[in-house]
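Trainee: For reference, the chains in residue letters:
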Amino acid sequence: MSKIHVTTSVNGEEVEYLCEAQQTMLDVLRDELGLTGTKEGCSTGDCGACSVIVDGDVVCSCLMLGAEAEGRNVETIEGLAAPDHLHPVQKQFLEHAALQCGFCTPGFLVAAKALLDRNQNPTETEIRYWLAGNLCRCTGYDKIVRAVQDAAAEMRGA
Amino acid sequence: MTSVDYVAPTDVEAAVAALGASKGNAYILAGGTDLLVQLRTGRVHPGTIVDIKRISETRTISEKDGAYTIGAAVTGAEMSAHKGLSQTWPGIVEAMDLIGSQQIQGRASPGGNLCNASPAADCVPALIAAGVSCTIAGPGGRRTVPVEDVVTGPGQTSLDANEFIVSFEVPKPAPRTGDAYLRLIPRTEMDIAVVGAGVCLSLAEDGTCQAAKVALGAVAPTQVVVAAGADALIGSKIDDVALEKLGQAAKAACSPIDDKRGTIEYREKVAAVLAKRAALKALERAKAR
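One line per chain: the protein sequences are A and B, in this order.
Those letters in the first sequence? Residues 0 to 157, by numbering that gives the first Met the number 0.
Those letters in the second sequence? Residues 0 to 288, by numbering that gives the first Met the number 0.
A couple of the hints might just be wrong.
Claimed, not checked - List of simulated lysine-lysine pairs, DSSO-like, C-alpha gap at most 27 Å:
1) B/K22 to B/K82
2) B/K280 to B/K268
3) B/K268 to B/K250
4) B/K268 to B/K63
5) A/K2 to B/K280
6) A/K2 to B/K250
Don't read these hints as lab results, they were simulated from the structure.
Computed from a prediction, not measured in an experiment: that's the story for all the values here.
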């Protein structure tokens, strides 16, 4: 079977690629587009390391086919920072040292951005539930939650 | 690796044709939260993957004269964000919302949850309790069947290979109707039901229960309709006696397995407790209408 031709938007730029039917969005991002910031953890949708935002919804890119991205808007960790400054959530992760090995961090950052895009003032409980699909086995979650709270405050101009 | 086809038809007829062309070796892709894991682990080997998300009917929630139609591939996140549906059928929406993380909610669908045919599927008892039917498309056109007639065993459904679920038809609720779904898991989030219980009931003006439906999940090879439990509620004011009978009926309806999530004895006991609590929650909602 010939490969599938896909035209989509990744981080605001139109991209085209060829993929196999069963190739996941995660495989496409990493292997076809060279966007290796999105990490492969469990490949079963449990850990959230591969989180990306598709048309505004945070999803596991390991549970999506590359072919499904036709005409969609995909945002990855590579699109989070502006050319000259970090996204507030990235900045606050650094401020709070909310990471150790860093493998889960891109997924947390993307998921946190999706939350802050729709909720400017989430409670701690809302943050913890929202990030329940992102697993970190190093730091525990307190620093991560505080970083997201402070990023929210920064984005509100508080 | 043998080659796999991917098609994303934009109408129901084309999807049925694609299923037919694959000679029984096609898999429907809705949210993919189950299918992609099964692909990855080699549990399924499709010749064709038929993505139904480009069909607008499968992706739309609509309301007409108080009845809702929920597309089979609508996501949990979309159901939760739908104010009308959430207000009218909180039990259905909460059941769907219990499934997985935010990432899963961004993809997972009621059609997929039903057709994956897990005994522990969270949205299914809630759909059954609410009296929901599904519209199934196939080569002969469309047919409508109650949700409880779809799953025939773990991983097995009554759908033919050339059929798929297009949408769910949620009836207009009678006055003073409330629904609720509760499940037990050993943690607060992100786990598979040990037991799930869905209850929907309607009250007469004087508060007497005049219609009820009770369904359990994770206590048998398929979801179970507890007719005796509904009978215990109907005609009562959902008092302690009626609730006790409901609990006994729920327990009697179970034929669970012993596994790491719970023993048979535990599941039976929890089924009774959850059925009673779900009935009280549904009652509270019905009274608020």
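Trainee: Hint by hint, say whether it matches the structure.
Mentor: Taking the hints in turn, this is what the structure says about them:
1. Between B/K22 and B/K82 the CA atoms are separated by roughly 41 Å; this puts the pair beyond 27 Å, and the hint is violated.
2. With a C-alpha separation of about 19 Å, the suggested pair B/K280 and B/K268 falls inside the 27 Å cut-off, and the hint holds.
3. Annotation: proposed proximity of B/K268 to B/K250 holds, straight-line Cα distance about 7 Å (limit 27 Å).
4. Only pairs whose Cα atoms come within 27 Å are accepted, and B/K268 paired with B/K63 is rejected, the gap being roughly 40 Å.
5. Pair hint A/K2 plus B/K280 does not hold up; C-alpha atoms about 52 Å apart against a cutoff of 27 Å.
6. For the hint pairing A/K2 with B/K250, the CA-to-CA distance comes to about 53 Å; that exceeds 27 Å, so the pair is violated.
Going through the hint list in order, the structure does not satisfy hints 1, 4, 5 and 6.
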